[in-house]
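Enquirer: For reference, the chains in residue letters:
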Amino acid sequence: MEKILYAVLVLAVMGAVFGGVLAVASRVFAVKTDERLPRLVEALPGANCGGCGFAGCQAYAQAVIDGKAEIGLCAAGGQEAAKKMSAVMGVEAVEVERKVAMVKCRGQNHLSKARYEGISDCRSAMFVTGNGPSACPSGCLGFGTCTTACKFDAIHVVNGVARVEADKCTGCFQCMEVCPKGIIIPVTYHTDIVIACSNHDRGANTRKVCDIGCVGCHLCEKQCEFDAIHVINNLATIDYSKCVSCGRCAAVCPRHLISDSNLRTDMDVVPAMQR
Amino acid sequence: MNFRKQLKAGLLTNNPVLSQLLGMCSTMAITTTLFNGIGMGLSVTIILICSNVVISLLRKVIPDKIRIAAYIVIIAGFVTMVDLLLKAYVPALSDSLGVFIPLIVVNCIILGRAEAFASKNGLLASAVDGLTQGIGYTAALVVMCIIREFLGSGTFGKGVFGADGIRILPAQYPALMLILPVGGFLTLGCLIALTQWVNKKLTEREAKKEAAR
Amino acid sequence: MNTFITLFAISLNAILAENFILVKFLGICPFMGVSKKTDTAVGMGIAVIFVMALASAATWAVNEFLLVSLGLEYMQTVVFILVIAALVQFVEMFLQKAMPSLYQALGIYLPLITTNCAVLGVALLNVQNSYTFIEAVVYGVTGGIGFTLAIVLFSSIRQRLEDCDCPKAFKGFPLALIAAGLLALSFMGFSGFRVF
Chain A
1 MEKILYAVLV
11 LAVMGAVFGG
21 VLAVASRVFA
31 VKTDERLPRL
41 VEALPGANCG
51 GCGFAGCQAY
61 AQAVIDGKAE
71 IGLCAAGGQE
81 AAKKMSAVMG
91 VEAVEVERKV
101 AMVKCRGQNH
111 LSKARYEGIS
121 DCRSAMFVTG
131 NGPSACPSGC
141 LGFGTCTTAC
151 KFDAIHVVNG
161 VARVEADKCT
171 GCFQCMEVCP
181 KGIIIPVTYH
191 TDIVIACSNH
201 DRGANTRKVC
211 DIGCVGCHLC
221 EKQCEFDAIH
231 VINNLATIDY
241 SKCVSCGRCA
251 AVCPRHLISD
261 SNLRTDMDVV
271 PAMQR
Chain B
1 MNFRKQLKAG
11 LLTNNPVLSQ
21 LLGMCSTMAI
31 TTTLFNGIGM
41 GLSVTIILIC
51 SNVVISLLRK
61 VIPDKIRIAA
71 YIVIIAGFVT
81 MVDLLLKAYV
91 PALSDSLGVF
101 IPLIVVNCII
111 LGRAEAFASK
121 NGLLASAVDG
131 LTQGIGYTAA
141 LVVMCIIREF
151 LGSGTFGKGV
161 FGADGIRILP
171 AQYPALMLIL
181 PVGGFLTLGC
191 LIALTQWVNK
201 KLTEREAKKE
211 AAR
Chain C
1 MNTFITLFAI
11 SLNAILAENF
21 ILVKFLGICP
31 FMGVSKKTDT
41 AVGMGIAVIF
51 VMALASAATW
61 AVNEFLLVSL
71 GLEYMQTVVF
81 ILVIAALVQF
91 VEMFLQKAMP
101 SLYQALGIYL
111 PLITTNCAVL
121 GVALLNVQNS
131 YTFIEAVVYG
141 VTGGIGFTLA
151 IVLFSSIRQR
161 LEDCDCPKAF
171 KGFPLALIAA
181 GLLALSFMGF
191 SGFRVF
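Protein chains in written order, with this note's numbering: chain A, 1 to 275; chain B, 1 to 213; chain C, 1 to 196.
Honestly, the hints are just simulated from the structure, not real lab data. Among these hints, one or two may not hold up.
Stated by the list, open to error - Some chain A residues close to chain C (C-beta under 8 angstroms, calculated; not the full set):
id, residue
1, 6
2, 14
3, 15
4, 16
5, 29
6, 31
7, 218
C-beta: ideal position from N, C-alpha, C; glycine also.
Given only the sequences and the hints, what does the whole structure look like? Please build it.
Expert: See the structure below:
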């Protein structure tokens with residue numbers, strides 16, 4: 001009987017002591033956290049994708065409270081998150097333009113200059129002399145490093161080239177970070193006009209390695225009424241502040257690489273050779 | 001029907017070890033003989049049912065902030081009881097499981113089920129959940145034990161059928177590696193891969209059925 | 001001198017020959033869960049060393065002065081887990097106030113440690129081996145170092161595993177387990193390694 005009493009007593013006393021100590025400790029060691037912090041974190045999607053440039057949603061929320069960051073950097077949460085955050089912080093909501101990633105390459109049939117059978121990862125493949133096994137110096141290698149990096153299942157390798165499904169893309173740009181070729185860029189979700197090539201070589205050289213690379217023929221530049229597209233360094237480049245998405249450059253491009261199909265979710269592509 | 005569904009979940013689609021990947025410490029450590037596996041499996045099942053029942057009864061009393069601590073103390077109580085019972089009636093099992101009996105306290109399966117199921121559901125449902133999850137755990141252990149014991153020491157049912165069990169492979173053939181720690185990792189890895197494969201096939205078949213309908 | 005050799009033997013045992021993860025199978029859950037990146041693995045490892053040292057000391061004292069003297073050894077499991085849970089919670093609060101930078105680094109791992117079998121395991125093993133106070137603390141620290149060693153090694157292997165080709169069913173967790181098995185195989189080389 002005595003033993004049972006002891007056992008119960010010991011447990012009860014220990015429970016009480018620990019409870020007491022912890023209660024006191026929670027008072028003594030209380031750290032003032034801004035009560036807006038949990039509400040801000042709640043407003044964020046919680047994917048911890050790092051697209052805002054901070055270590056995660058919590059870190060970004062803290063930075064907003066400290067005044068080190070602006071509202072609206074969260075691409076994954078978009079307008080809705082920005083609205084909620086503005087409500088928490090008591091400021092006017094800011095407009096967020098939705099940005100998505102785009103792979104500036106469409107060359108499924110670009111030649112390879114070496115056969116690569118190593119680890120299936122673009123960064124590893126880059127160790128092949130001269131920036132990877134592709135003959136095009138800035139062509140997509142298609143080993144899918146970006147697919148692995150994407151937390152939203154929005155980028156896939158189709159016919160050897162990575163393609164973004166714009167509707168799924170949240171704009172965290174993790175794919176951009178890992179792409180060793182640096183050919184993934186942010187574009188506005190609503191635009192149809194994109195240049196799907198990154199090759200700065202001269203036209204004759206580009207023609208040799210890829211059947212749809214930009215050859216810098218200036219046709220688009222001549223066609224544009226708004227002075228929005230220029231061939232810079234042998235590659236057509238769009239100035240989005242002037243572009244009105246009229247699509248005339250896309251119609252005139254002999255290589256069919258200015259097009260709207262890139263930002264659609266349907267993934268079927270006409271093989272370049274048949275065009 | 002509901003029970004059958006829960007049983008299937010416990011055994012295969014939501015098996016605590018093979019699908020939820022919980023409680024792997026004990027799974028790999030003690031599955032060297034069938035005797036150990038069955039003993040550990042039964043102990044965990046009993047503790048799981050008891051703790052699920054008690055936690056589901058107390059779910060409205062326990063304050064939210066200290067619920068984890070409360071659950072752990074409840075679980076620890078049952079673990080101590082089972083530990084003492086084993087020591088008294090099956091000392092051989094108690095010896096061979098050693099420190100892993102008290103370590104059931106921190107087995108994620110029990111705390112996980114308490115948090116995910118018993119704290120939200122009624123008494124009967126929690127008891128059934130404890131039973132099915134326990135059966136799933138035991139089944140996983142038994143399969144691992146049979147594989148490891150057969151390949152590692154060439155016997156079947158050591159401790160269950162006599163002290164040396166039924167010898168299948170002559171003593172010089174078995175790969176001792178399988179009953180060493182290495183074998184635990186390798187066997188569990190292969191079993192989880194198999195479960196993933198089977199589950200994928202099952203969902204595919206279900207999707208086909210849906211499509212046909 | 002003699003105590004020094006004993007302590008050395010205990011340390012070597014805890015780090016290599018009887019590594020908590022790879023030989024004793026204690027603390028597999030965090031080993032698998034927090035080993036995807038090397039820097040998080042290091043953070044977790046340091047947090048475990050810290051908690052294991054404190055827990056060894058606290059549970060040794062509680063066991064010696066409270067349980068043994070009252071003849072309540074059978075309550076070890078309940079009491080130890082209570083001590084560990086309270087200790088972890090206390091450490092978390094203390095760090096948050098006193099060392100915010102350390103808290104930022106270790107904070108997220110601390111709740112995970114409460115239910116880490118390695119911590120309760122070290123407390124129970126200290127009793128089982130009837131270690132003295134110093135021995136218990138050393139065993140706790142070196143056990144934690146062994147844990148860190150295993151998890152850091154494993155995380156660097158795992159980063160490579162992400163890229164490799166393997167059957168689809170093995171992708172991810174099963175492959176990680178098999179790699180851990182091979183690591184355990186290499187640690188088996190240390191068994192039979194004794195200093196006396």
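Enquirer: A separate judgement is required for each hint: does it hold in the structure or not?
Expert: Tested hints:
1. Hint status for residue 6 of chain A: holds, given a least beta-carbon distance of 5 angstroms to chain C, under 8 angstroms.
2. Look at residue 14 of chain A: its Cβ gets to within about 6 angstroms of chain C, closer than 8 angstroms, so that hint holds up.
3. Residue-level restraint check for residue 15 of chain A holds (minimum Cβ-Cβ distance to chain C is 7 angstroms; threshold 8 angstroms).
4. Hint status for residue 16 of chain A relative to chain C: violated, with the closest Cβ pair at about 11 angstroms, above 8 angstroms.
5. A distance limit of 8 angstroms between C-beta atoms decides the matter here; for residue 29 of chain A the minimum to chain C is near 4 angstroms, and the interface restraint holds.
6. At its closest, the beta carbon of residue 31 of chain A sits 5 angstroms from a beta carbon of chain C; the interface hint therefore holds under the 8 angstroms criterion.
7. Checking residue 218 of chain A against chain C by beta carbon gives a least distance of about 42 angstroms; that is not within 8 angstroms, so the hint is violated.
Checked against the numbered hints above, the structure breaks hints 4 and 7 and satisfies the rest.
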